[in-house]
Amino acid sequence: MKNIVIVLAGALFGAGIAISGMANPAKVQNFLDLFGVWDPSLAFVMGAALIVATPAYFFVFKAGKPKFAERFHLPERKDIDRKLVAGAVLFGMGWGLSGLCPAPALVAILSGIGHFVVFALAMLAGMILQRQFMSR
Amino acid sequence: MVEATTFTPYISAFGGALIGLSAVLLMWSVGRIAGISGIVAGAALDRGEERNWRLLFLLGLFIGAGATAALSGALDDIQPLVSTPVLVAAGVLVGVGTSMGSGCTSGHGVCGISRFSWRSIVATCLFMLSGFVTVFVMRHVLGEGL
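Chains A and B, in that order, are what the protein sequence lines are. Residue numbering for the first sequence follows the working numbering, starting at 1 and increasing by one per position. Residue numbering for the second sequence follows the working numbering, starting at 1001 and increasing by one per position.
FYI, nobody ran anything at the bench for these hints, they're computed from the structure. Hints may contain errors.
Which residues of chain B face chain A? A few of them, derived with a C-beta cut under 10 Å, are [as the list claims (entries may be wrong)]:
hint : residue
1    : V1002
2    : L1021
3    : L1087
4    : L1126
Here are a few chain A residues that face chain B, going by a calculated C-beta distance under 7 Å [unchecked claim]:
hint : residue
5    : V5
6    : G10
7    : G14
8    : A49
9    : L110
10   : V117
11   : G126
Quick look at which bits of chain B chain A covers, simulated, 3 or more residues with Cβ under 8 Å [claimed, not checked]:
hint : stretch
12   : 1023-1037
13   : 1041-1050
14   : 1060-1073
15   : 1099-1108
16   : 1113-1123
17   : 1127-1141
Ideal placement from N, C-alpha and C gives every residue a C-beta, glycine not left out.
Produce the complete structure using the sequences and hints provided.
Next comes the structure, spelled out in structure tokens:
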């Protein structure tokens, strides 16, 4: 049951990315082009996700523990450190250049276009590089 | 080269609501944050139970996106926007940046803000700002050079 729910959550996420239009890098890059051909669609994706998740999270956390696990796994850090700031800025640069963030990057692979596989592999390499050699 | 895309408020909000629902379902069931960068990195580098749920989530993500795209044609005319070397550099920046900054658009932008995490609010403002500046420089300062 637990595994089915996890797969279902993933499927909802994937469907959401595809339906919202966010798998199209042009749409994402145009969202970031405030002074050009601005397409505000991405703001509606995030806004709707927040409208759903914010009140629902409140009730989920109020229950005390998840249905199929002992506890909620939440980040404990509260401070704004240099890594958070630098990481977010670097991510934003890559996001702007390509019009791809991690979830749409995965979904775009399904188009069968080799460039998106190359992007996803570069992203994965960056993650592994950072986690193995640059952390701490 | 730069082409306008159609503003799609309703369909984009509907897709966003599904993403929100996914985040809620994952937190309700196994107490995990639906942050795709962390899920991808963990699926590659973690072991055992820490890896398994992430692989299952990614399996679902591909199934959901694949089925939806087959029905809607969402992936029919998407194109890479930049040359391969720039795409590789951007991929590395996204990978290093999300890993260093502990999250991306989903983990910080949706899950973090929904639980009023100050770190996530700061990170989201910063990667948005960085994205705005990057695209501005790319399109309006450098022009079509990339």
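Status of the hints after comparison with the structure:
{"no.": "1", "hint": "V1002", "verdict": "holds (6 Å)"}
{"no.": "2", "hint": "L1021", "verdict": "holds (5 Å)"}
{"no.": "3", "hint": "L1087", "verdict": "holds (5 Å)"}
{"no.": "4", "hint": "L1126", "verdict": "holds (4 Å)"}
{"no.": "5", "hint": "V5", "verdict": "holds (4 Å)"}
{"no.": "6", "hint": "G10", "verdict": "holds (2 Å)"}
{"no.": "7", "hint": "G14", "verdict": "holds (3 Å)"}
{"no.": "8", "hint": "A49", "verdict": "holds (4 Å)"}
{"no.": "9", "hint": "L110", "verdict": "holds (5 Å)"}
{"no.": "10", "hint": "V117", "verdict": "violated (10 Å)"}
{"no.": "11", "hint": "G126", "verdict": "holds (2 Å)"}
{"no.": "12", "hint": "1023-1037", "verdict": "holds (count 14)"}
{"no.": "13", "hint": "1041-1050", "verdict": "holds (count 3)"}
{"no.": "14", "hint": "1060-1073", "verdict": "holds (count 11)"}
{"no.": "15", "hint": "1099-1108", "verdict": "holds (count 8)"}
{"no.": "16", "hint": "1113-1123", "verdict": "holds (count 8)"}
{"no.": "17", "hint": "1127-1141", "verdict": "holds (count 13)"}
Hint violations for this structure: number 10 only, all remaining hints satisfied.
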